[in-house]
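Enquirer: Sequence:
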Amino acid sequence: MSWKFCIGLLLGLAIGLGCRWLGIPVPAPPMLVGASLVVAMTSGYLLADHFIATHPAKHRHDCGGPSGETQETRT
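In our numbering, the protein residues as written are 1 to 75.
Do not rely on the hints blindly, as some may be mistaken.
[Stated by the list, open to error] DEER-style ranges, computed between Cβ atoms: (1) 39 with 64: 39 to 49 Å; (2) 67 with 35: 44 to 54 Å; (3) 18 with 45: 15 to 25 Å; (4) 60 with 24: 40 to 50 Å; (5) 47 with 10: 18 to 28 Å; (6) 39 with 17: 14 to 24 Å; (7) 35 with 60: 35 to 45 Å; (8) 62 with 33: 35 to 45 Å; (9) 42 with 18: 40 to 50 Å; (10) 20 with 61: 45 to 55 Å; (11) 40 with 19: 18 to 28 Å.
Source of the hints: derived by calculation from the structure; they are not laboratory data.
The beta carbon of each residue, even a glycine, is placed where N, CA and C say it ideally should be.
Please model the entire structure based on the sequences and the hints provided.
Expert: Rendered as structure tokens:
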């Protein structure tokens, strides 16, 4: 498991336990629909992160570095 996942899981558990212990409403929709919504959003975020991390930028050659020069202007 990645460390981001572990931290997110621990943070979610801490917020849930804190809300239950203090008797305040949980900041999420109740029931199965709410849980499904959270799972869907998390899955979409992780899939997008994986897609972006594994596919290189198509127009990287057009991006300037710290000086703002692209490969075409360095000739």
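Enquirer: Now tell me, hint by hint, if it's right for this structure.
Expert: Hint check results:
no.	hint	verdict
1	39 with 64: 39 to 49 Å	holds (40 Å)
2	67 with 35: 44 to 54 Å	holds (50 Å)
3	18 with 45: 15 to 25 Å	holds (23 Å)
4	60 with 24: 40 to 50 Å	holds (48 Å)
5	47 with 10: 18 to 28 Å	holds (22 Å)
6	39 with 17: 14 to 24 Å	holds (19 Å)
7	35 with 60: 35 to 45 Å	holds (40 Å)
8	62 with 33: 35 to 45 Å	holds (44 Å)
9	42 with 18: 40 to 50 Å	violated (20 Å)
10	20 with 61: 45 to 55 Å	holds (53 Å)
11	40 with 19: 18 to 28 Å	holds (22 Å)
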